[in-house]
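Q: Sequence:
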Amino acid sequence: MSKRKEKLIDLSHTLTSYGDNPYQQLGENARTMIGTFATYEANGFYECALYIGDHAGTHMDATKHFNPDGLYTDEVPLDAFYGEACILDLSHMEAHADVTIEDIEKAAERAQVNLEDYHIVLLKTERDKLYGTPEYFRDLLNILPETIEWMINKGMVTLGVDMVTIELDRYIHDPDSGLAPNAPERYPAHCLMKKYEWYMIENMTGLSEIPGTTCKFAGFPIKIGKGSGAPMRAVAIIEE
6 MSKRKEKLID LSHTLTSYGD NPYQQLGENA RTMIGTFATY EANGFYECAL YIGDHAGTHM
66 DATKHFNPDG LYTDEVPLDA FYGEACILDL SHMEAHADVT IEDIEKAAER AQVNLEDYHI
126 VLLKTERDKL YGTPEYFRDL LNILPETIEW MINKGMVTLG VDMVTIELDR YIHDPDSGLA
186 PNAPERYPAH CLMKKYEWYM IENMTGLSEI PGTTCKFAGF PIKIGKGSGA PMRAVAIIEE
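With my numbering applied, the sequence shown closes on residue 245, and no number is skipped along the way.
For the record, the hints were derived by calculation from the structure and aren't laboratory data.
Mixed in with the good hints, there may be bad ones.
Label pairs and their in silico Cβ distance ranges [what the hints assert, rightly or not]:
{"no.": "1", "residue 1": "27", "residue 2": "54", "range": "18 to 24 Å"}
{"no.": "2", "residue 1": "21", "residue 2": "214", "range": "17 to 23 Å"}
{"no.": "3", "residue 1": "55", "residue 2": "225", "range": "39 to 45 Å"}
Note that the Cβ used here is the ideal one computed from N, Cα and C, for glycine as well.
Generate coordinates for the entire structure from the input sequences, incorporating the hints supplied.
A: Given below as structure tokens:
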């Protein structure tokens, strides 16, 4: 193996069976099951069988997730998930706080980055430290749809977060909303997929390990035909 001049930082959670960690994906998603399919004793080799949803673990959302006319997972452009990224620190914000345009502007100012220079924006909330606990589902931030739309208009194509999802479920957190349990408007930020071709990466981890406020990012989704998303192995590539 050649000597690398780069350091790779893993930004992905380990995918495990639901029984080993029920707090790794939202309850509406398919529960991950990983079982032994072949053993050394019986087969001479070891192999696992997987049952997972396409939003398991660290994963991306394709626009087909909320837009009937959107792209399936195997149709999304790979360059959306590769390139220079900026990391914005929102770890000081309290649970359930709305992430506003002003919050992003201030975070970009602290990071000394121009959002128009990056098509990948990673939001560091440090909620990944709660992974595997009930608080991981409960204590996330709520990224407002107008904030995401503003970032898209700045040139953002892909948004990554170290939370289970990018927003609060309005049906649960706003009892007076009048929304039905099956209303897509429960997730208004996700509904922007009906208007724009943009992508999100949820369930990331390790953003706090990235030195500085920029990095080269790579995280390619599994090529699932007719998928609405896909698990990925996301990494930050740091020049040394």
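Q: State for each hint whether it applies.
A: Hints and how they fare:
In this structure the supplied range 18 to 24 Å holds for residue 27 paired with residue 54, their Cβ-Cβ distance being about 20 Å. Hint check: residue 21 to residue 214, Cβ distance near 21 Å, so the stated range 17 to 23 Å holds. Checked against the given bound of 39 to 45 Å, the beta carbons of residue 55 and residue 225, roughly 18 Å apart, lie outside it.
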